[in-house]
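Student: Here is how the chains run, residue by residue.
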Amino acid sequence: MLSTILSFISAAIIQGIPLLYGAVGEIITEKSGNLNLGIPGIMYIGGISGIVGGFIYEHSTSSPNAALCILIPLLSCLVCSAFMALIYSFLTVTLRANQNVTGLALTTFGVGVGNFFGGSLKSFFGESGSISLLTTGNYYKTKLPFAGSLGAFGDAFLSFGFLAYLAIIIAIVASLVINKTRVGLNLRAVGENPATADAAGINVTKYKYVATCAGGAIAGLGGLYFVMDYIAGAWTNDGFGDRGWLAIAIVIFALWRPNLSVLCSFIFGGLYIICTYIPGLSSASKELIKMLPYVVTIIVLVVISARKRRENQPPAHLGLSYFREER
Amino acid sequence: MSGKKHSAPPVYITKRDGLIWYKSWLIRIVAVLLALVLCSVIIIALTGFNPLQVYSAMVRGSFGTSRKLWTMLQNLAMLLCISLAVTPAFKMRFWNIGAEGQVLVGALATAACMFYLGDSLPQPLMIAIMLVSALAAGVVWAFIPAYFKAKWNTNETLFTLMMNYVAIQLVSFFIALWVPSGSGVMGVINQNSRSGWLPSVFGQRYFINIVVVAIVTAAMFIYLKYSKQGYEISVVGESENTARYIGIDVKKVILRTMAISGAVCGLAGFLLVSGTNHTVTTNTAGGMGFTAIMVSWLGKFNAAIMILTSFIIVFLQRGAGEIATKFNLNQSVADILTGIILFFIIGCEFFVNYKINLRHKEGK
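Just so you know, the protein sequences line up as chains A and B, in that order.
Mapping the first sequence onto the working numbering, position 115 (from 1) lands on 115, and the numbers just tick up by one.
Mapping the second sequence onto the working numbering, position 347 (from 1) lands on 347, and the numbers just tick up by one.
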C-alpha cells in the first residue's frame, strides 16, 4: 500500500513538472497583462526544437559528449520558445493585435511545427522510423547520485532528472522576483494598470516584451522535459496532448502565484493519472475523473470572482492591449 | 534634470480616421502575398519543391473534382456556422473561446438522441427532437459562463476555455458508456435504419447543411446590423458604461447574446452529427471552435466578410492536406502555413488602423 502511494506521488510529480513549467511561464506572462493563449503551441515548439537540436548533434558525432548533449537541446529549446513569444509580443504589443486571436494562431502554428518536424525529421535525413534519442534522453534522465541510497523516500522525491528540480527552483525564484523586488513591482504595475505604470516612468513596452519572452522560454522547457525526460528522447505526434491548456488552468488554480503553482501542478499531475491507481474503475468513470482538473479550475475561478479578495484577482489589465495614445 | 538630451523617436503613430475601403483591402492583400512568399521560402527550404507547383496542387485540392468541391463547401459551411455563433459574443467584447465545447455538447446531445431513440420514431419528429436537444445543450454550455460573468464578472475567456475540456471529457465519458467493447470509438450510429440522418438532396449529402448555414448567415447579418438587439450588442461592446447610461440592461444583453451564441454552436454540432459524420468523437469540432475565433475577428464581426475569411482558412487547410498527400509531407504542414498567413493578416490590421508618421526635423 505504502509503495503504491509513494509510486503515485512520484508519478504525480513527473506528470506535474511540464505543467509547472507551462504555468510559471504563463504566470510571468500574465503578470505583464498579456494573456498568452499560445503557451500550448510554445510548449510543442520547446519540445521539438530540443529534439531537432539533439538529433542533429547525435548525428554529427560518433561519441556524444554529456555536456553538449544537454546544452544543445536546452539552448535550442530556450531560443525557439522565446522566439515564439517574441512573435506574440511583436503582434500584440507593437502591432496592437488582439491577444486571444494572436495566441490561438500561435498555438495552431506551434502544434503544426511540432508535429511536422516530429513526423518528418528522420525522412529529411533519409532515414525511416520514429525518432529515438536514447543517449540524450539518458543524460536528461540522470538522477541525483545519492537518490538510490535513500530507499523509498528517495524513489518518491529524489529520483528525477535535473529539469524537474530546475522547474521548482524557477518557480520559487519567479515568486521572489515578482513579490520582493523592484522589477517585480514594476511588472505587476504594468499588468494591473499600464497607464499608471507609464506615468510613473516604467517602460511598459519593455516589461511586456521581456516578461512574455522569459515566460515563453520557461514554458518551452516544459515541452523539453516531456520529450527528453518523460518519454526519453522520443516524439509522438500530439503526444503532449492538452497539457498546455492544463497549465493555463493551473495559473488560475494557483491564483497567479508561482510558488503555489508548484503544489498545484503536482495536484493536477496526480489528478491526470489517478484513474490508473484506483482499482476497479470502469472506463467511463475514468473519463469523469479526468474531467476533475477543469471542473476544479472553474470552481476556483468562480469563487475568486465572487469573493473579490483583491490579492486573488487576475491582473486587472489582463488580455487588454495598452496604447498610450488611446487614454 | 541632468544634461542628458532627450530626443523624440524618429517616427510616431497616429490612429487613422478610417481608411477608404480599397486601400485597407490593398494592405490586406499585400499582407497575404507577403505571407505566401514567406511560405514559399519555407517550402523550398524544407522540401526543395517548386512552390508554384505546390500552390497549384492546393487549388486542385479544393476545386479539383466535384466531390472535393462539395467537401470544401461543407467544411466552409461548418466553420462559417461556428464563426457566426461566436460573433455576437465577440461584438459585445465577451471573449467566448468555448465554441469548441458548445459545439461538442450539441453534437453529443444529437448523438444521444440517435443512440437512445434508435428508429422508434418517425424521421421528422426524430430530427426535431435532435435539433431541440442540440440547441438546448449549446445554450446551457454557453449560459453557465455568461451567468457568472453577469453576476460576478468572472473572467469569461478562462471560464469558456475550461468548459471546452469539460465537454471533451463528457464526450469521452458517454462514448465509454455507449461502446461496451472499450475501444473508445463510436461507430456510425443507426447505420442500417439511417434514423436521424439528414437526407441527401439532389444527390448531395451536404446540401441541407450548406443551405441551413446560408440561412443562418443571412439571419445573423440582419440581426447584428439592423435589429434593436444587435444595436444593443454593439453598444455594450463599445462601452458598458454608455450602455448602462442609456438604459440598456447590460446583464440581460450578456445572457441573451451568449444564449444565441450557444444555440448556433449547438446547431453546428447538430449538423456535424446528423448531416455529416453520423457519429460523435472528441474531435467532432476538430479545433474549428478555435479557428472560428480567428475567422470572426478577421472578418471584422461582419457576417458577409466572414464568408470570405472562412473560405481562405478552409481553402488553406484543404489545399495543404492535398499537398501533404501529393508531396508525401506530414499533414501538419497545413497548420504551419495557416499559422504564418494568420500572423500576417493579424499584423496587417495595425497598418489599416494606424498611420506611421515620420517626424520632421524641427529647425532650432
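Because the hints were derived from the structure by calculation, they are not lab data.
Please note: incorrect hints may appear among the correct ones.
Straight-line Cα separation of at most 25 Å, DSS-like style, residue types lysine-lysine; simulated pairs [unchecked claim]:
id	chain 1	residue 1	chain 2	residue 2
1	B	Lys91	B	Lys326
2	B	Lys91	B	Lys68
3	B	Lys228	A	Lys122
4	B	Lys300	A	Lys308
5	B	Lys355	A	Lys206
6	B	Lys251	B	Lys151
7	B	Lys228	B	Lys23
8	B	Lys355	A	Lys308
9	B	Lys15	A	Lys308
10	B	Lys15	A	Lys206
11	B	Lys252	B	Lys91
12	B	Lys251	B	Lys15
13	A	Lys206	A	Lys180
14	B	Lys15	B	Lys326
15	B	Lys326	B	Lys355
16	A	Lys180	A	Lys286
17	A	Lys122	A	Lys141
18	B	Lys252	B	Lys68
Per label pair, the in silico range of CB-to-CB distance [as the list claims (entries may be wrong)]:
id	chain 1	residue 1	chain 2	residue 2	range
19	A	Ile169	B	Asn283	15 to 23 Å
20	A	Leu166	B	Ile305	46 to 54 Å
21	B	Trp70	A	Ala200	29 to 37 Å
22	B	Ser193	A	Gly241	47 to 55 Å
Only a predicted model underlies this, so the values are computations on that prediction, with no experimental measurement involved.
Note that CB positions come from ideal geometry on N, CA and C, so glycine has one too.
Student: Taking the hints in turn, state whether each one holds.
Tutor: Results for each hint:
1. For the hint linking lysine 91/B to lysine 326/B, the alpha-carbon distance of about 41 Å lies beyond 25 Å, and the restraint is violated.
2. Between lysine 91/B and lysine 68/B the CA atoms are separated by roughly 34 Å; this puts the pair beyond 25 Å, and the hint is violated.
3. For the suggested pair lysine 228/B and lysine 122/A, the alpha carbons sit about 59 Å apart, so the restraint of at most 25 Å is broken.
4. Taking the CA atoms of lysine 300/B and lysine 308/A, the gap is about 34 Å. The hint is violated against a cut of 25 Å.
5. This hinted pair checks out: lysine 355/B and lysine 206/A have alpha carbons roughly 22 Å apart, not beyond 25 Å.
6. The hinted pair formed by lysine 251/B and lysine 151/B meets the criterion: a straight-line CA distance of about 8 Å does not exceed 25 Å.
7. A hinted pair counts as satisfied when its Cα atoms are at most 25 Å apart, and lysine 228/B with lysine 23/B does not qualify at roughly 31 Å.
8. The suggested pairing of lysine 355/B with lysine 308/A is violated, with an alpha-carbon distance near 40 Å, which exceeds 25 Å.
9. A distance of roughly 36 Å separates the Cα atoms of lysine 15/B and lysine 308/A; the hinted pair therefore is violated under the 25 Å criterion.
10. A threshold of 25 Å between alpha carbons decides the hint, and for lysine 15/B with lysine 206/A the separation of about 22 Å falls inside it, so the pair holds.
11. For the proposed pair lysine 252/B and lysine 91/B, the alpha carbon gap of about 15 Å is at most 25 Å, so the pair holds.
12. At most 25 Å may separate the alpha-carbon atoms for a hinted pair to count; lysine 251/B and lysine 15/B exceed this at roughly 32 Å.
13. In summary, the hint linking lysine 206/A to lysine 180/A is supported, as the alpha carbons are separated by about 20 Å, within the 25 Å threshold.
14. For the proposed pair lysine 15/B and lysine 326/B, the alpha carbon gap of about 46 Å is over 25 Å, so the pair is violated.
15. Under the criterion of a C-alpha separation no larger than 25 Å, the hint pairing lysine 326/B with lysine 355/B is inconsistent with the structure, at around 43 Å.
16. Taking the CA atoms of lysine 180/A and lysine 286/A, the gap is near 42 Å; set against the 25 Å cutoff, the hint is violated.
17. Of the pairs offered as hints, the one joining lysine 122/A and lysine 141/A holds, with about 23 Å between alpha carbons and a cut-off of 25 Å not exceeded.
18. Among the hinted pairs, lysine 252/B with lysine 68/B is inconsistent with the structure: their alpha-carbon atoms are about 44 Å apart, more than 25 Å.
19. About 38 Å separates the C-beta atoms of isoleucine 169/A and asparagine 283/B, a value inconsistent with the hinted range of 15 to 23 Å.
20. Distance hint for leucine 166/A and isoleucine 305/B: a CB-CB separation of about 47 Å, consistent with the stated range 46 to 54 Å.
21. For the hinted restraint 29 to 37 Å between tryptophan 70/B and alanine 200/A, the CB-CB distance of approximately 60 Å leaves it violated.
22. For serine 193/B and glycine 241/A, the Cβ-Cβ distance of about 36 Å falls outside the hinted range of 47 to 55 Å, so the restraint is violated.
In summary, the numbered hints that this structure violates are 1, 2, 3, 4, 7, 8, 9, 12, 14, 15, 16, 18, 19, 21, 22.
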